[in-house]
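Novice: Top line first, the protein sequences correspond to chains A and B.
Quick note: full-length UniProt numbering has the first sequence finishing at residue 381, numbered continuously throughout.
Quick note: full-length UniProt numbering has the second sequence finishing at residue 284, numbered continuously throughout.
Check the hints yourself; a few may be wrong.
[Stated by the list, open to error] Have a look at the derived ranges for each label pair, beta carbon to beta carbon:
#1 B:Val219 / A:Glu267: 25 to 31 Å
#2 B:Pro282 / A:Ala375: 18 to 24 Å
#3 B:Arg271 / A:Thr99: 37 to 43 Å
#4 B:Arg271 / A:Arg110: 51 to 57 Å
#5 B:Arg271 / A:Gly223: 56 to 62 Å
#6 B:Val193 / A:Val370: 36 to 42 Å
Note that these hints are calculated values from the structure, not bench results.
C-beta: ideal position from N, C-alpha, C; glycine also.
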Amino acid sequence: MEPEPRARTTALIDRRGLQALIEALADEGYRVVGPTRRDDAIVYDDLADLDDLPAGWTEHQEAGRYRLVARDDQALFGYAVGPHAWKRFLHPPVETLWTAQRDEHGLTFRSPEPAEERFAFLGVRACELQAIAIQDRVFLEGPHVDAGYGARRREAFIVAVNCGEAGGTCFCVSMQTGPRAESGFDLALTELLEADRHDFLVEVGSPAGAALLERLPHRKAGGADHRAADAVVARTASRMGRELETQGLKALLQDNPEHPRWDDVAERCLTCGNCTMVCPTCFCTTVEDHSDLAGTRAERVRLWDSCFTLDFSYLHGGSVRQSPRSRYRQWMTHKLASWIDQFGTSGCVGCGRCITWCPTGIDITEEAAVIRATAPQRRDP
Amino acid sequence: MSMATTDPRAAGPAPFVPQAYRVEEVTRELADTVSLRLAPLDGARPDFRPGQFNMLWAFGVGEAAISISDVETDGSFVHTVRAVGAVSGALAGLEVGTRVGLRGPFGTGWRVAEARGADVVVVAGGLGLAPLRPAIQALLADRARYGRVAILVGARSPETLLYPEALAPWQRRPDVEVLVTVDHAGADWAGRVGVVPGLVPRAAFDADDCVALVCGPEVMMRFTVAALRHAGVAAERIHVSMERNMKCAVGWCGHCQFGPAFVCKDGPVMRYDAIADLFSIPEV
Ligand SMILES: Cc1cc2nc3c(=O)[nH]c(=O)nc-3n(C[C@H](O)[C@H](O)[C@H](O)COP(=O)(O)OP(=O)(O)OC[C@H]3O[C@@H](n4cnc5c(N)ncnc54)[C@H](O)[C@@H]3O)c2cc1C
Ligand code: SF4
Ligand code: SF4
Ligand code: FES
């Protein structure tokens, strides 16, 4: 389906306008977070001003490879996604769940004070908007609501960016999650970088976004600007590094738990869990208890966990998933198949992170393709 | 970006935060197993359905999923804990008067009322009798509404047979068939020797119109289900209680997944036909 041509309010800003956007968000009390260059990678961290963005950088991504490369222009968003995902802010890697105090009178549990922090995310890609929407289903739409996640999520201001560069491991087109941000943002930007200009087409996605735009120096966007923005997205869509055939994929994986390819991938998989740490939708956690020496105060902490560890499925008598084969199978079948049963959507948004950051270059699209090509039995989807 | 979901602030106390309970009574059941009677320090004990579990927290040690094995009219929960590790060991070692954390109840229950009018076969292996005891109590409290009732119980040895004081009155009832077996026994054991699934063909029930409730170690459940299926019981009339690692009990930590199911919320009690495909695959 073609998106409604221009149902949204749009405007044009330039680099000054973008600087004003960062300032206006900070001024409204947001902690502004976005892409910045650190340790030879583009990560998400605090942005004080425009200079913190990785101007003039892009990256080469391949299975098991990530390398920053200088661009021959000064694009501010001329790269795809790096090792960080926004989940590190909304669903933090370490979070105190409660503290307990024990004395002669009793035992009292206290939830931590809700953090005052309000995030503004600058540079959220279309696949990442979908990843956030997926984690919303996990933490907010079940029988229980994760109040901490809910508060951070409710307060967050989201500035999306339509991708101008497809990464070598990207396949959002296959997953129908990008490269254009369709919904779930307050403002969306498309970088228009031509010989004689460096502008951003701004689309308004919410009343809060509209109010913020009013605070920025902006001008009216014309038909040529819209066409230029469309061309950026179309070009990116045509340059996907990977593709994944999703037709019938759920049944294919659920029908083939004994496929020999699981043994093959198990020989390459180190069960390091990198893929689950970088994946923007992986949500699994474990808990740890700490107590003071006097035995009066205790604390329970939640930490990201990975289904690739042996402990993850531990039961008295031994872990359920002893073999690396069963753990890779669990991960990939969960992502691409059982996730649909659980949350009504695939657990994969096609960001390519798991492919890029796998030390042995295991490629989820390739594994799925091989299983499809060699599966003994098929079932209609 | 705002969301169209309910306001989390309206959701009540966070499901992660336990309530304080006091250990009212400790009963040694077996060499490594005790029952704890726990009463809330504040307020009333929440309602529960037979088959559900609570997360019990021992101060500074950690939390474990423990089935509700009984309730008392004074408003306390009874939990039967086998010491197999750090948390269960700490729980099993608690003294009367100690405070523990408790959150729950969580999960699905045995659909006892669904069995009305039909025969009921309850099959318990080892500690599996703990979550089944409240179901048996509910059945017997309303005995006239069910057909024949068979309770098949297995343990590793006579010394590890759980709740002998509960079994005895059930055994004396004319309207209940109780069959007990142990895997190994000395010469002084006059009862049956053999595994629980072997009791299925001996019990009297109408395979075409019965409901089976099964709980025990996964291998025991696999063989019991096979015996029930062999006897002609339909897959959708067999209910099993699954066990998986659990950290959150509310569908967030991912640990309890069993194929598409989260055992903490889609289980632990699940209809066999819903999981039959997965049940035979190792390491799911
Ligand atoms: C729905 C349900 C009901 C249960 N009911 C009972 C009961 O009534 N009585 C009873 O004694 N036990 C019961 N268990 C098992 C009990 O939860 C484990 O024995 C206990 O978690 C072991 O923890 P530990 O720290 O003592 O053992 P360790 O071996 O030190 O375990 C370390 C960690 O592994 C996990 N773990 C280990 N074994 C299990 C297990 N079997 N199931 C789930 N997680 C495990 C826990 O997260 C634990 O923190 C039940 C489990 C489930 C899932
Ligand atoms: S599975 Fe891989 S490609 Fe899919 S969302 Fe996760 S990290 Fe991205
Ligand atoms: S697939 Fe790659 S990244 Fe994931 S656990 Fe295996 S080796 Fe690590
Ligand atoms: S126990 Fe955490 S998801 Fe089920």
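Novice: If a hint holds in the structure, say so; if it doesn't, say that too.
Specialist: Each hint, compared with the structure:
no.	hint	in the structure
1	B:Val219 / A:Glu267: 25 to 31 Å	holds (29 Å)
2	B:Pro282 / A:Ala375: 18 to 24 Å	holds (19 Å)
3	B:Arg271 / A:Thr99: 37 to 43 Å	holds (40 Å)
4	B:Arg271 / A:Arg110: 51 to 57 Å	violated (40 Å)
5	B:Arg271 / A:Gly223: 56 to 62 Å	holds (59 Å)
6	B:Val193 / A:Val370: 36 to 42 Å	violated (50 Å)
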